[in-house]
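S.K.: Spelled out from the first residue to the last, the chains are:
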Amino acid sequence: MLGYAGRILQVDLTTGKVRIEKLAEENAKQYIGGIGLGMKLWLDNSKAGVNPLSPENPLVLALGPVSGTMFPTGGNGHAFISKSPATGGVGEAVSHGTFGAELKRAGFDAIIFTGKADKPVYLWIDDDTIQILDASQVWGRSPPETEDAIKTELGDFYIRVASIGLAGEKQSKIACIINEKTRAAGRTGLGAVMGSKNLKAIAVRGTRDIAVAQPDEFINMVKEFHERMKGPAAQKYRTLGTVENVMVQNQLFCMPTRNFNNSHFENADKVSGEVLNERYVEKIIACNSCAMRCEHEALVREGPYKGTLARMEYDNLWALGPNCGVDKLDAIIKASERCNYYGLDATSTGVTISFVMDCHEKGILTHEELGGIDAHFGNAEALIQLIEKIGTREGIGDMLADGVKAAAEKIGKNSIQLAQHIKGLEVTGYDLRCLKTTALGSAVSFRGADHNRSGAYASDVKGKVDRLKAERGRGLIVKETEDVNAIIDSLIICKNAKGTLYKELADMAKLYSLVTGVDMTPEQLRAAGERIINIARIINLREGLTREDDTLPWKVMNQPIQDDGPVKGAVVTQEELDLLLDDYYTARGWTVDGVPTKEKLKELSIEEYQNLT
Amino acid sequence: MVKLHQRKFISADPEKCVGCQICEYACSFNKEKVFNPLKSRIRVVRVNQTANMAVTCRLCEDPACVAACPRDALSQDPTTGSIVLDKDKCNGCGWCIEACDYGAMMLHPETKVVYVCDLCKDKPDGPQCVKWCPEEALTVVTSDVLAQKARIGAIKKLFQEKEEKQ
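Line by line, the protein sequences give chains A and B.
Okay, so the first sequence: first residue is 1 according to the numbering used here, each after it adds one.
Okay, so the second sequence: first residue is 1001 according to the numbering used here, each after it adds one.
Mixed in with the good hints there might be a few duds.
25 Å max Cα-Cα, derived BS3-like pairs, lysine-lysine [claimed, not checked]:
1) K29(A) with K602(A)
2) K1031(B) with K223(A)
3) K1087(B) with K1112(B)
4) K1112(B) with K223(A)
5) K1016(B) with K236(A)
6) K1016(B) with K1157(B)
7) K1131(B) with K1112(B)
8) K510(A) with K1033(B)
9) K1033(B) with K223(A)
10) K230(A) with K1131(B)
11) K1121(B) with K1131(B)
12) K1131(B) with K1089(B)
To be clear, the hints were calculated from the coordinates, so they are not data collected in a lab.
Based on the sequences and whatever the hints tell you, model everything.
M.R.: Written as structure tokens, this is what we have:
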């Protein structure tokens, strides 16, 4: 089977021993790669109820079969999978750049880390030479600094590095894993899992050839996708970027503002994608193999934050900007840069800070408790001060560094009502009260609050369905988009390139076949997507999550949208949520409790996991 | 009679290059049917997030690589200006790699002799990296054309500034 390297690296950080195993072909075909293969490997290598921050929790790094090839965006991804310290269920996060391609050239499809090193270390993969090296020189340093230091130490500037910052070292449950300085496997707190293993970084240099099964047909397919990427499907990403969403969503009154106290930001025009591009975007760069390049590098050219450089996307801009009531773009860029510096998930960090501001304005957290920080909505200085506290776990930051759910549990005083999270993972920038298909997709998302697990938001935002209505049929929309997205994240194609997959499953099946030489039909691929979602569900069930956890933040269900506009009064009631969940479970072939049935597991050839449900 | 320089080489526009490395894949695939940057005659450098550029042989007028080769394995084609390697003479000593200021000479990981951009002389449609570059950042140019472009850019800027002052 081409495409796959055929090898899995097992790293036991406790003993310092490494072992290379064969990738089972059956697993490759059934779980594709990326998050699918990663979850399968995690499930088979872990015990029920494992503490996410214990040595026994495996951390899996997985690539897709397309990684390392020239297929645009597909060539460059990697995924981290583990048990999330934030949700207690499946944790997974995908990142792009060049790291994944390099690891494939080193000859690995996946790495499974277990155990815990007795002192800070980093893993150095130089093709077949695997070494666990001392990381005491870089401990405490930021991911960008760590990357440069490791390249200098090893004396090769084409080495690729994924590393954690101070937040990961201090096991903050909103810590991420950063590669190539500005790209992050952001969500579900996997930086903390790395930190708990004393694993500071993974450095890779790979020199092998990557060959595909049908090179001539493959190169023609690449050429066609280059053309598609010059067209309308990628136009948004090529021009303004995802930050275009600021004005689009604000107009639809679905941009959560001031911790969901509003769904419309009156100063959106000050933080719009248009203004960001005009005044701050210095350069748009690309990941390896990508023909649509979308990474907008924003540079602050004057003022107190002069010289600050950060990658800006809708989610970090929203979380640290409108969501905190902040309308100063230079401060939002600075805040994003600080998140990268400490290795914090910018989305979760922004939502945690908006929670603090909400608590402060409602008198739940006093000025004294906040260590004198004036945490009012719109205070850009407080935003940056709070990131410093969270990144270093100093003062109030220690309580906030594990995200909103943990913070609210410590604060008490009903503050949980202000904590915008699902399953312990902070929400993304979509007001779920007026996007009810998205609300369902986020409620059932196996990794917690996430608009991208299902991608159902497209139906709401583009007006394909009545976004204010909870009705039967939405379950099927969520199911189908979930299955497709599971494949996208397993082949590891960039979600920003989703629009260029005109024939979604058919395109991806063709790609899989040309690369691997294994005939894959669209239907087989769809089934693989469904299998992956079911495996995720099985993991969550094994770890104790139930239907009760497929829910929405308190405000989304109890505090109707108050802004005058097209969605005033919108809220998701318990009855609506129950209807949507029932509809979704039915579409999935699960019981009313959200448990995959024996028949479903048999249909997907995973009846071996029956006893875990 | 004075003649314009005819030698054309591949030049990357730093304003346009986004560091995607597609040129590397196009080159290694075209030359060796595999995807491997180590077998590409053009290499991408990302100094930081805003400084990206692809670099390959610039067909120097007085190529240091040729002068440095102690075994006379390298020569310059008098017509095209590209660097020609006599594989039998090369022993992979690496003097030429050290001599080249642009990192255009590389030691092949398998054949163990040096290799360098040959402008895809066997391809009727010219250098494949240029053909594939999605940003149109790569061009095949003479040094005269590069100088012309620089001149025009400078003058445009000058007049723009003048207009702004008025």
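S.K.: All hints are to be evaluated individually against the structure, with a verdict given for each.
M.R.: How the hints compare with the structure:
1. K29(A) with K602(A): Distance ~17 Å between K29(A) and K602(A) Cα, so the pair holds.
2. K1031(B) with K223(A): Cα-Cα ~17 Å, so holds.
3. K1087(B) with K1112(B): holds (10 Å)
4. K1112(B) with K223(A): violated (32 Å)
5. K1016(B) with K236(A): Distance ~18 Å between K1016(B) and K236(A) Cα, so the pair holds.
6. K1016(B) with K1157(B): Distance of about 18 Å is within 25 Å: holds.
7. K1131(B) with K1112(B): violated (28 Å)
8. K510(A) with K1033(B): It holds: about 20 Å lies between the C-alpha atoms, which stays within 25 Å.
9. K1033(B) with K223(A): holds (16 Å)
10. K230(A) with K1131(B): With Cα atoms ~15 Å apart, K230(A) and K1131(B) stay inside 25 Å; holds.
11. K1121(B) with K1131(B): With a Cα-Cα distance of about 14 Å, the restraint between K1121(B) and K1131(B) holds, given a limit of 25 Å.
12. K1131(B) with K1089(B): Given pair K1131(B), K1089(B) is violated - Cα atoms ~32 Å apart, limit 25 Å.
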